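> What follows is each chain in one-letter form.
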Amino acid sequence: DIQMTQSPSSLSASVGDRVTITCRASQGMSDYLAWYQQKPGKVPKLLIYAASTLQSGVPSRFSGSGSGTDFTLTISSLQPEDVATYYCQKYNSAPFTFGPGTKVDIK
Amino acid sequence: QVQLVESGGGVVQPGGSLRLSCAASGFTFSSYGMHWVRQAPGKGLEWVAFIRYDGNNKYYADSVKGRFTISRDTSKNTLYLQMNSLRDEDTAVYYCAKGSSGTWGYFDYWGQGTLVTVSS
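Chain order of the listed sequences is P and Z.
So for the first sequence, this note's numbering puts the first residue at 1; every next one is plus one.
So for the second sequence, this note's numbering puts the first residue at 1; every next one is plus one.
Hints listed in this document are in silico derivations from the structure and should not be mistaken for laboratory results.
This structure is a prediction, so every number in the text was calculated from the model and none was measured.
There may be inaccurate statements among the hints.
Unchecked claim - List time: in silico DSBU-like cross-link candidates among lysine-lysine, alpha-carbon distance up to 35 Å:
1. P/K103 x Z/K43
2. Z/K43 x Z/K65
3. Z/K76 x P/K103
4. P/K45 x Z/K58
My request is simple: use the sequences and hints to build the entire structure.
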C-alpha cells in the first residue's frame, strides 16, 4: 500500500506570510491527490483535487502542485481564518490513505 | 444542496456491535461511491470503508477488515456501517463522505459525524 507523509507536522506563521506544506507518497500515483482543511471542531472540507484543481468556492490564495510522489499545498497569504489542520489524501485506489496532517496557526 | 446526516453513534462495550447510518439527499445517491472515515479524539483522519455506486465492490482498511461491513440502500438513500467486535481503539467520530464519482474519487462532501465510544 502507498504511504503518505506530510511535512512539517506543524507550523506557525504571521498573517500575510506564504505557507507551504509538502506531501510525499511512497510510490508514484499520478495526480490522484486531494487536500482537505479541518478547522478546530469542524468537519473536513475539500480544498484541492487532482493535485492542483481548486474546489469551487475555495479562496484563490490556496494552490496545489505536484505529480507522482511529491505534492505541495501553498497558501499565498496566510489569513486568520486559515488556522486549521491540513491533510493530503490519495484517491487513485483503496486504501484511500490520508497523510498525518499539518497543523497551521498564527504567530 | 448535498446533505449527509449520520446517526447511530453512542457508547458500547468492548466486543459489542453498533450500526451507523448516513442519510443522503441533494444528489443522485445511486450514482456515487460512498465512504466512511473516522477520527479518534485528537488524532488525524483514517479512511475506514468504501462502497461503489452499485454496491458491487467494497473495500476496507486493514484495521476494520472482518469486523465492519459497509452497505447501502438505494431505495432509502442511506449508507450504513455495521460495526462488530468493537475495540477501544474504534472510539472515534465517524463521518460519511460522498465520493466524486461512482468508483474512485476524492471526497467532495462530508457529514457532521457521529461519535462512537467503546468503553466498559
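> Now tell me if each hint is right for this structure.
How the hints compare with the structure:
no.: 1; hint: P/K103 x Z/K43; verdict: holds, 11 Å
no.: 2; hint: Z/K43 x Z/K65; verdict: holds, 21 Å
no.: 3; hint: Z/K76 x P/K103; verdict: violated, 38 Å
no.: 4; hint: P/K45 x Z/K58; verdict: holds, 24 Å
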